[in-house]
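Enquirer: The chain contents come next:
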Amino acid sequence: MFFLTPALAAIGVFFFVPVIAAFVMSFTDFDIYSLGKIQYARFIGLRNYLQLVEDPLFWKALRNTLYFLVVGGPLSIAVSLAAALMLQAKLVRFTSFFRTALFAPVVTTLVAVSVVWRFVYHPRYGLLNYALSFVGVSPVDWLGDPQWAMPAIILMAVWKNFGYNMIIFIAGLQNIPPQLYEAAAIDGAGRWQQFTMITIPMLAPTTLFISIITMIGYFQLFAEPYVMTQGGPLNSTLSIVLLMYQQGFRWWNMGYSAALAFVLFVFILVASVLQSRLQKRFGT
Amino acid sequence: MIGCRRGVSGATIAGMVKHPSPGLLLWRRSGVVLLLALVALVAGCSPQRESRTLVRFWAMGVEGENVQKLMPEFERRNPTIEVQVQMIPWNAAHEKLLTGYAGSSLPDMCQLGNTWIPEMAMLDALEPLDPWMKRSSSLRDSSYFPGIWSTNLIDSLLYGVPWYVDTRVLFYRSDLLAKVGYRKAPVSWEEWFDVSAKLKGSGAADYAILFPTANEFAPPLILGLQKKSSLLKDGDTYGNFSGREFTDAMRVFHSFFRNGWAPVKTTQIVNIYQSFSAGLFAMYISGPWNIGEFSRRLPPELQDKWMTAPLPGPDGNIGVSLAGGSSLVMFRGSAQKAAVWKVIEYLSEPEQQLQFYRYTGNLPARVEAWRDSALASNTYAAAFFTQLNHVTATPKVPEWEQIAQKLRESSELVAMDQLSVEDAMAALDRSVDVMLEKRRWMVHGK
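Residue numbers (this note's numbering), protein chains in the order written: chain A, 2 to 285; chain B, 993 to 1438.
Everything labelled a hint here was simulated from the structure, so no lab data went into it. Treat the hints with care, as some may be off.
[Claimed, not checked] Below, computed lysine to aspartate or glutamate pairings styled on DMTMM-like, alpha-carbon distance capped at 20 Å:
1. B:K1257 <-> A:D142
2. A:K38 <-> B:E1414
3. A:K38 <-> B:E1429
4. A:K38 <-> B:E1119
In this text the structure is predicted, and so the values were computed from the model without any measurement.
In isolation and in its complexed conformation, chain B is listed as follows (with noise of 0.2 Å):
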C-alpha cells in the first residue's frame, strides 16, 4: 500500500530530486516505482488514495505517543494526507534533530521546545510562517499568550505555532502556611521571606522551600528576570549575569540558604512527593506536569492541602516566570508545505488542544481552549492560566541551553557556599563569553 501511494505521488518524486540521492538508489527507486506503478494501475488503487501525501512529524516522548491519537480524525477530514508520525525520546531529541539536518534527513514538520528555535531558525532549517499565518483563516496571533508568542518570533519572523505551554508556579501546602498565619500564597517577595522564615521560626515546617540545585537551573533563573535582568548584554554576546540586577536576584537566592529556610543538600531527597507530604518543605517551584503528579502521588489526607499560585514579585505584584512549552514547526526542506500547515492548524484547534491537555496533561496554547470546563474547573491551572500572562522570554541564541547548564552550576556553589555570589557571578560570565566568542565574531567581526 505505501508503494502505491508513493509511486503515483507526484510529490514524493520532486521531494527525492530535491535532495539529492546517489544516483544507483535513484535508479534503483525509480525502477521499483515504475512497478509498482504498474502493479497498482493494475490492481487498480482507487484514485483518492494514489494521491496521499505523507507527512512525516517528529514528536517527542510522551506527546509523540498521544498526538497519534488525534491523528485518525486529521486524516478522516483531509483523506488525501497522511500523517505518519514518529516518536523520539526527550533525552535523545536535540542530537537527533542536529545529525538529522548534518544529514539532511529531518522530516516535514516537528515539534520544537521554543528555547530549541532559534538554534533550528539559525541553521536555516526552519521554514518562516507569517505567510502561512496571513493567508490561515483560523489562527491568530492574538490567540496566544503574548509571552509564549514572543519566544517563536526571531528577528521578528515567526518560525513556529505555539502547540502547548509551560511556566513555573509555586506549588504549596495550604495547611502549613494557614499555621503560620498565611490563608493565600505570598504574593510580594516580602511576604515570601515573611511566610519562609514563619515556617522554619515555628517548625511547622523542616524547610520553608525547596530549591533543587542539583538538577534545576529555573529557579535563580526566574529570580534574576523578576529582577529584570537582561542575562545577556551588547547584543547577546556577553554575559550580564555581574550586572547589579542579576547579582541581586543571586543575593536574595543565597539569602533563602544562608537563613535555613531551603535545604542545600538537595540530593538527599529522593522523592520529593514523600518529602513534600512529610513536611520536609512547604513550597515548591514547579510546572504544569507536577499537578497530575501531586494529585496521583501525595497520599489521599492531603489532598485538600496542597495548592498552586502565581509567583510572588520583588515589586509586590505577580513576578515573572519562564515562558516554556513546544511549537510546532515546518522543516524548509519539506516538499509538504501546504499538508504540514494543515496539520499545525488542526492541532492549534481548541478542542484539539483540549483533548491533547486530557492525554497528556499539557497546558493547551490557545487561550480559547481554557474557557473549557476541563480547565476552568481545575483550580491548580488557574494559577498557571494567570502566570501564563506574566512571562519573559530568555535570550534567543543558540548557546543558551548551555549557559543555563553554567547558571545551574553556578547556582549550586552559592548555595553550597563554595563561593561568594560576586565571585560566582564573575566566573559565570567568564565561561559565558568564552561560549559567546564564535556568536561575537559573526556579529561583530564581519
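So that you can see chain A by itself, here it is in the shape it has in the complex (with noise of 0.2 Å):
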C-alpha cells in the first residue's frame, strides 16, 4: 500500500478529482457569467440533462455518431482482418514493408492528413472524383454536400484507424497454432473452411478486444469532423463530442457540456457491457 501511494495520489488528483467535479458540474449552471463571478453558478438538478434531451442538435448529434459507429466500425474491423489475412498469406512478400506501410496512416497526425483528404475529396479537382468520373460518376461535392459528408468523414476515418487494428489481428492470427491448420487440410477441409471454422473461432477473444476498443473510440468521434468540417454542412457531421466542444468551449456553457459528457459515457458503458454478455451468450 505505501508503495502505491505515490501512484494513488496521482491518479487521484488527476483522474477521479476532475471526473466528481465535471459530474458536480452537469448539475449546475456554470456558463460565461460564472466564469467572471462565480456566485452566478447556480445548482440546478436535473435540469441540463433534460434540457438536453428536448435539444434537437443533441440527437442529430446522437444520430451522426451512431451512423459513424454502426457503419465505420464494422467496416474498421473487416479491413482489418482482410489487412492482416492478406499479410499472413505465405504469397505474400515483403511484409513488413507492407506491414508499416499499412500501420503508417495511424502514427501520422491527423491535421497532416485531413489536408491531403480535403484535396482527395475536392469537387473538381479532387483525386476521388477524377477517379469516380471514369465511370462515369458526376462529381459528388464531398464535404459540402450533407448526405456525403458522413461517408467521407467515415472513409477517412477507416483508412487512418484500420492499421493499429490490423496489428492486432496479426497477432491473434499467429497465436493460432498451425496444427489446427494441418489437421483440417488432412480432415479434408478447404481454405474457406479452415477459414470459418479455425481462423474465426480461434480469433473471438482478438475480436471481442478490437470491437469494444473501436466502439469506445468511434463513440468519442471527434478531431475528423472538427478539422475536416467543423460539423457541417448543416450540422451533418456533428458529433457528441463535437458538440461537447462547441457548447463547453465555444459559448461556455459547461455545466451543459458535463451533462453531455456523462451521458456519453452511460452510452459507451451499455453498449460495452452489452456487447461483451452477446459475445459469452453466443458462446464462441
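These two chains come separately, so use the hints to put the complex back together.
Expert: Listed below in C-alpha cells is the structure:
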C-alpha cells in the first residue's frame, strides 16, 4: 500500500478529482457569467439533462455518431482483418514493408492527413471525383453535401485507423497453432472452411477486444469532423464530442457540456457491457 | 536581450506581483532576474533599452500578420516601448480569449470583434477607455461613424476604439441589371423586388440574388433591422423574433425563395465568384473583403460589369446594415496601460489606418482616413462609406453570437419551406428564451 501511494495520489488528483468535479458541474449552470463571478453558478438539479433530451442538436449529434459507429466500426474491423489475413498469407512478399506502410496512417498526425484528404475530396480537382469520372459518376461535393459528408468522414477515419487493429489481428493470427490447419487439411477442409471453422472462432477473443476498443474510440468521434468540416454542412457531421466541445469551449456552457459528457459515458458503458454479454451468449 | 530588458524594468516586476505566480517560480524567476540584471550591468546595456516596456498584443488572422509591419515605425517613435504582436487564428480566437481569461494569461491589449465586446466587458476583463479618451489629444469620438462607435459603448462606458469597420452592401452585376432596365442599383424594397422579378422573369440571370443560408445569418438579420425590429425585448431578456417587425422581415426573406428569385440549395454553389461570373445570380449581399476578391477572381471581361451599392430600404431610403468591425481594447490586468494607449493612438492615426487598409483591404474606422485618394478614388468603396453612416448595432448581450447562429438555422428552415415563417419565429424565440434564462435571473431575479 505504501509503495502504491504516489501512483494512487497521482491518479486521484489527475483522474478522480476532475471526474467528480465534472460530475458535480453537470448539475450546475456553470457558464460564461459564472466564469466572471462564481456566485452566478447555480445548482439546477437535472435541468441540464432534461434540456439535453429536448435539444434537437443532441439527437442529431447522437444519430450522426451512431451512423459513424454502425457503418464505420464494422467496416474498419473488416478492413483490418482482411489486411491482416493478406499480410499473413504465405504468398505475399515484403510483409514487413507492407505492414509498416499500412500502419503509417495511424501514426501520421490527423491535421496533415486531413489536409491531404481535403484535396482528395475536392469537388473539382479531387482525386476521388477524377477516379469516379472514369466509371461515369458525376462529381460529388464530398464535404459540402449533407448526404455525403459523413460517408466521406467514415472513409477517411477507416483509412486512418485500420492499421492499429490490423496489427492486433496479426498477433491474434500468429497465436493460432498451425497444427489445427494441418489437421483440417488432412480432414479435407478447404480454404474457406478453414477460415470459418478455425480462423474466425480462434480469433474471437481478439475480435471482442478490437470491437470494444473500436466502439469506444468511434463513439468519441471528434478530430476528423473538427478539422475537416467543423460539424457542417447542416450539422451532418456534428458528433457528440464535437457538440460537447462547441457547447463547452465556444459558448462556455460548461454545465451543459459536462452533462453531455456523462450521457456519452453511460452510452459507452452500456454498449461495452452489452457487447461482451452478447459475445458470451453466442458462445464462441 | 529580453532578459536584460525584463530584468531592470520595474513595470514588469510589478506585473509579476500583481498576477500571483507559484512561489517557487517567482523565487526562481527573481533569481534569474537578479543574475541577468548583474550580467546586464556588467555588459553595460544602454539605459534606453533597460527601461523598455513590453506590450503584448493579440491580433487575429490577416490583421495580426499585417499589423506587425506597422510596428517598427511605432517603436522608432517610442524607443521605450516594445510591442510584441501575437497572431491568433480567427476560428480559435474566441476560445483562446475565454481560456486566457480563465487562466489569467490575457495580453495587455487585443483586437476584438465588436460583437465580442459585451462578453469581455461583462467578465470585467476590459479597461474602460473614457478617462483615456478625455486626456487624448488626437482622438475624438466625432472622427468615427456613430453607429460603429456605439457598438463599443456598454452602459455608456467606452470599452474599445474602432480599428477597422465592416458592414454589408449590395454587390451586383451592372450589365444584367441594365438588361432589365436598371441603370442603377435598387434603392427601395419595391425596386428591389421589381428588379428581382424582372431578372428572373426575363432569364437575364438564373436567380436574382444569392442568400447563402447554409452559413450566413447576415441577410435575414439585416432585413429585421431594416424593419426596426428590436430583436430582443424586456431589457434584452426575451427573444422578439416572433414580434410583428421581425416576422414581416422574415416573410420578405421567404418571398425571395418562394418566388424563385433566390436559390434554395446553396450548398451546390461551391464557388460564388464563378457562379456570379456565369450569371447564376446577379446580386449578393456581402462585405468589404469581397471588393478585393471580386477584383482578383472575376474574369477581366467582367471587371467593369459589377458594382457595389448601399442596401435598399423598406421606406424608399437607404436601408440600414450591420455595424461590424474590430476594435482595439485594453485589458484591465495590464500593467502597461499608458504604453497600450500609445499603441491604440498610433494605430488610430489616419496615416496608419490607410497603410493598414493598403495591406489588408480592411476599411478604416477613422472618417479622416477616407478622404485620402486611395479610398476616395475606389468606386467600390464609396457604397461602404455611405452605408457606414446607416448602420445599427445588434443587442449587446454575451449570448448574441449564439442567438445569431440560431437565427441562421431558422432562416434556413424557412428558405427550405420546412417551417412556416410564424412557426419558425415562434420556435426561434423559444430557444432564444432558453439561452437568455440566466440573463433574466441576473437582471430581474436579484
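Enquirer: Quick one: which hint numbers does this structure break? Sort them smallest to largest.
Expert: 2
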